[in-house]
Structures are given as structure tokens and as C-alpha cells.
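Got chain A sorted already, so can you dock chain B onto it with the hints?
First to last, the sequence lines map onto chains A and B. With the first letter of the first sequence counted as 1, position 110 gets the number 110 in the numbering used here; the numbers rise by one all the way through. With the first letter of the second sequence counted as 1, position 44 gets the number 44 in the numbering used here; the numbers rise by one all the way through.
In short, the hints are calculated from the structure, not lab data. Please note that the accuracy of each hint is not assured.
[To be verified] Here are the computed lysine to aspartate or glutamate pairs in the EDC-like style, where the Cα-Cα straight-line distance is at most 16 Å:
#, chain 1, residue 1, chain 2, residue 2
1, B, Lys151, B, Glu119
2, B, Lys184, A, Glu155
3, B, Lys187, B, Asp203
4, B, Lys268, B, Asp203
5, A, Lys181, A, Glu142
6, B, Lys279, B, Asp260
7, A, Lys96, B, Asp260
8, A, Lys64, A, Asp140
9, B, Lys184, A, Glu59
10, A, Lys177, B, Glu179
11, A, Lys64, A, Asp40
12, A, Lys85, A, Glu59
[What the hints assert, rightly or not] Interface residues of chain A toward chain B, partial, derived using beta-carbon atoms under 8 Å:
#, residue
13, Ala65
14, Arg91
15, Gln92
16, Glu122
17, Gly141
18, Lys144
19, Pro159
20, Gly176
Don't be surprised by glycine CBs; every beta carbon is placed ideally from N, CA and C.
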Amino acid sequence: MLSVLLLTLLATGVGVARAQTASIGSVENTIGTLIVRRADGRVDEVRGKGSLPLYEGDECHTEKASKALIKLSDGTQVAMNAETKFRYQTRQERTKGTTKIFKLLLGELWMRTVGPSQIEVETPVATAAIKGTEFNIKVDGEGKSTLTVIEGVVEFGTPFGTCPIPKSTQSFGERGKRCTKPVPVDPAPVTAWIADVAR
Amino acid sequence: MSWPIVRSIATAAVLQLAAACATAPPPAPEVKVNNRLYVANESSNAVSVIDASTLAPLRTIPLDRKGAHDLALTRDGRTLFVSNLLSGAVAVIDTATFEVTATIVTGNRCHSLALTNDEKQLWVVNIGENNISIVDVPRLRVLGTIADVAKLPGHVRLSRDGRFAYVTSQEDGRVNVIETATFKVVKSIEVGRLPHFIIVSPDGRYLWGGNTGGREVYVIDMTTNERVATIPVGPKPQHIGFGVRGMFGPFAYVAVEDADEVVVIDAKPGAYNIVDRIKVTSKPSGIGASPEGGRIYVGTQGNDQLQVIDTGTHRVIGSVPVGIKPVGVVATQ
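The following block holds chain A by itself, in its conformation from the complex (with noise of 0.2 Å):
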């Protein structure tokens, strides 16, 4: 049933590829169309289950009416909604390790970590600190974030200041602003839209 379509449409001119360092997981199920742009510019389309491995630079875009699940290494799971584009990148620190970062520029994304994980979702005006929960964040064209915390407390932060987020509510971040005080949701409705491509 794979169908993943290597396209390698070189949209720089680059002529080496930038060695890239060991795949940080992979996806594992689209509906509709996934498109991932490489670090070196090359390009991968993926449609149906399979598995297409991906790597740190890598820019992960879902075009309309299309989702897609992926599953990170250490088990993590993180669907896209349709029209989500987010840019993989990692912090390295001495005393922490590594920090998985998803630098999430426009769309929704839905998490659900297993054990232990530093994740951080980096949304235009907003970061969103994850360590061991289940989580939504969306993000519009304007860059406001709307975080909803299914299990777990997840650490929101603006320039303007960072506040606990706990299981069952939802909070709003947006340019210039602190994040809103995090207000009770029910999150059954919010993640309705992960059934077909998570489950």
C-alpha cells in the first residue's frame, strides 16, 4: 500500500545534499497529500499508509483536505490537521539533552507523547512546553494560538510572559499579548478531527 512519490523537485540550486542525521521517526499514515521539503530543497510526496522517514530540517506541509500521522522514534505521536506546516528542528543543551522542537507556522497539530519528552511546539507568537501529555494547538494566519491540554500540563509562554496549562482547558496566545488564563473546554470536540487519521 505504499505510495510515497519521490518527486525531487530541486527548488534550490544546490547540488550536494546536506547530510542529514538519523531519521527522528516517520510517517506513518496520510489522507490526502503530505508534502515534505527536505533540508537540501528536495521534495517528497506521500499519500496513503507507509512509512517515509524524516529528519531534522525536514518542513512537513498537508495540502487541503488532507491529514497525516506520524510517529516519532521514541513513540510520540502527532497528527496534522489539513493545511498544516511545521519545520522540525532540535535545542541541544549541556544539562538537558535534546529538545525536539516543531516550529508549527501555520495549521493544527495534535500530540500525544509517551513517557518522558521534551517537546516544544513553536507556533509565530507562542511556545507550548510538553513533558508527557496529550495536547492540540492551532494556529491561524494571523499567528494566534489556541492550545487545548487533553491530559498532562503543558507550559505556554509569549514574550510576555509563561503560565501552566492543565488538562481540560484551553488558553489563546497572540502577538503582543500574554497568553490568556486558561479557561475550562471540553477537548472530545476539539480533537474530532484526528478520528480518521490517528485511530
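This is chain B only, laid out in the frame that chain A set:
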């Protein structure tokens, strides 16, 4: 438990503690990090560390990311941030151990750096994305970006009261003023062709900058956000530092890259006349000033040196080899 037993247990505990204290190694002396110069060598991806008194090289710190460009040093001199222009990441260096302790990816072609006055945030200009990343310094975490701050943004500086940030917009020849409470551009000041470097004057009132696509430096009054002077200095003015000459000053020292000169301008408000031209070799770019204003340190890209100007005599009194293309220079305060 009887009193003699309690007493003997207590005595044994005290003796044990005393023995432990006697054998414990003395605490390591704190490493001094003052009186140093740091140079970002863009093409050798390394930072040179130099003793400011003797000019003796202390260490070369290699970076795993590429294109060391700009430097920001905390007031206590213990943490150095280095932008890696080609890799879009900022390296964090513990200056006591000379080790890279963290690497933070910010954005495409991250270029220049500015610490906020409270040093809680590091503002990072990403030329390739026309935005500024705000890094939370204690957590080393990017907390957000300010989009569309400029076209090909160059350098960023914050006002002394922290209310405004200034960023050069190289493509359209302007300096944009960002209100830090809202992250909105509240004013745009036309300054000339390809404005690149900017620095706040020692009194905190004026912003000085150089037009690398032209031949002049400009001065902006930060209380009115109006350009108050334009001073022709020569082709391709780069970085600027401030110094004093005995009882006179402050003076602005401008690296004029294509003239192989450091041009000295009387920086007293309203004066702005050129008082000297100091020849250096070759292609001066980055400038750092000693905290008391008696030395100006100039990175020269043409011969990979750091040259030292004595502000009392305006003579080049020394030079030291550094890495390839030394573009950023900073001295401990």
C-alpha cells in the same frame, strides 16, 4: 534512651562531621572572565578569546553551526551568545569553561543579537525571514517571533528604558521603531542606502548607524525618533564604537571598510564633526570598545586580525591574529 548514650551518639556524629570537613576538597576558585575580548570569525566558524591586557590568545572556541557573525555578552561576562548566520542558530557559550552549552535554532540566516536591558530576553534578527525571534534567556526557549519588522533586517537595539526596539531595514533604507509593549512598528525613519549596524550612544539618547551601501553614518534622537544628523565618512561604513580621549569625548569610531580607515567623530550632541582618520589594514568591520573607553578593537577582514587603537593617541598600538573574517567584536564590561 539514657543521657550518656545520647551524648556519645552526638559526639560521634560531630567527630564524623569534622572528619568529613577535614577531608573535603576546598571549593574551586571562581574563574575570572573579565578583561577579555571575543571575536566572531565568520568563515572559520569559531570565536577567538583574547586577554585584553596582554592581547594573548586564551582560546579558540569552535562552533558546530556555521557562520559565526554577531555576539552578545551578558553584563557579568559569563554567557556569550553567538549568531550563526549560515545555520540559522544561536550558540550559547559558558565563558568560564569556553564550552558551547546550548544551540538554539531561531530562523533562516539569523544575523544579529541584542539582549534586553534586564537580560531576560535575547532578540535575534533573522534576515532570511524578515522577523525577530524572542528567546527566553533562562529557559533558552524561543517564545515567539515578531513578523515583518523590516525588509532584510540588519541589526537590532533596544532603548535604555526598554520601550522601543530599533531595527535596520536594509532593503528600503530605513530604521523601524518597534514598541516593545505591543510588538508593532510605530515609526519608520528614512536613513539612506543599506543601513546595517546600529548602536546606542553612551548617554542612551541617540542611535548611531552606518549605511553600508553608501558613505555616511546617521544619528537618530531616540526621544523624538527623528534623524538629526548625517555625516559622510567614506565608502561602506560598518560598525561603530564609542571612546574617550583623556578629558574629551565621547567620540564615535566608525570602521570604514572600503577606505581601510577608522573615522573618529566628535559625538557630542550637535557637534558631529570628523576629528581624525586612523589607517588600519585591511577591510575593518567589527568594532568593540573597552569599558572605560581607552581602547577600540577593530576586526579586519582583509588580513584576519584584531587591531587595537589607543584613543589617547589615535595610534594602532597592537594587533593579534584571529580566525578567518572577524566580523563581530565585543569586550567584557
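So, going through the hints one by one against the coordinates:
This hinted pair does not check out: B:Lys151 and B:Glu119 have alpha carbons roughly 26 Å apart, beyond 16 Å. Proximity of B:Lys184 to A:Glu155 is assessed by CA-CA distance (about 25 Å); at most 16 Å being required, the pair is judged violated. Only pairs whose Cα atoms come within 16 Å are accepted, and B:Lys187 paired with B:Asp203 is rejected, the gap being roughly 22 Å. With a C-alpha separation of about 10 Å, the suggested pairing of B:Lys268 with B:Asp203 holds against the 16 Å cut-off.
Annotation: proposed proximity of A:Lys181 to A:Glu142 is violated, straight-line Cα distance about 20 Å (limit 16 Å). At most 16 Å may separate the alpha-carbon atoms for a hinted pair to count; B:Lys279 and B:Asp260 meet this at roughly 6 Å. For the proposed pair A:Lys96 and B:Asp260, the alpha carbon gap of about 46 Å is over 16 Å, so the pair is violated. Distance restraint check for A:Lys64 and A:Asp140: the Cα-Cα separation of roughly 15 Å lies within the 16 Å cut-off, and the hinted pair is therefore satisfied.
The straight-line distance between the Cα atoms of B:Lys184 and A:Glu59 is roughly 28 Å, outside the 16 Å bound, and the hint therefore fails. The suggested pairing of A:Lys177 with B:Glu179 holds, with an alpha-carbon distance near 13 Å, which does not exceed 16 Å. As the CA atoms of A:Lys64 and A:Asp40 are separated by approximately 25 Å, the hinted pair breaks the 16 Å bound. Simply put, A:Lys85 and A:Glu59 have alpha-carbon atoms about 7 Å apart, close enough for the 16 Å limit, and the pair holds.
At its closest, the beta carbon of A:Ala65 sits 27 Å from a beta carbon of chain B; the interface hint therefore is violated under the 8 Å criterion. For the restraint placing A:Arg91 at the interface with chain B, the shortest Cβ-Cβ distance is roughly 5 Å, inside the 8 Å limit, so the hint holds. Taken as an interface hint, A:Gln92 checks out: its beta carbon lies about 5 Å from the nearest beta carbon of chain B, inside 8 Å. Checking A:Glu122 against chain B: minimum C-beta separation of about 5 Å stays under 8 Å; hint holds.
The interface hint given for A:Gly141 is broken, as the beta carbon of that residue sits about 11 Å from the closest beta carbon of chain B, more than 8 Å. Given hint, A:Lys144 at the interface with chain B, is violated; its Cβ is 12 Å from that chain's nearest Cβ, farther than 8 Å. About 4 Å separates the beta-carbon of A:Pro159 from the nearest beta-carbon of chain B, less than 8 Å, and the hint is met. Because the closest C-beta pair between A:Gly176 and chain B is about 4 Å apart, less than 8 Å, the hint holds.
In summary, the structure is inconsistent with hints 1, 2, 3, 5, 7, 9, 11, 13, 17 and 18 from the numbered list given earlier, while agreeing with the others.
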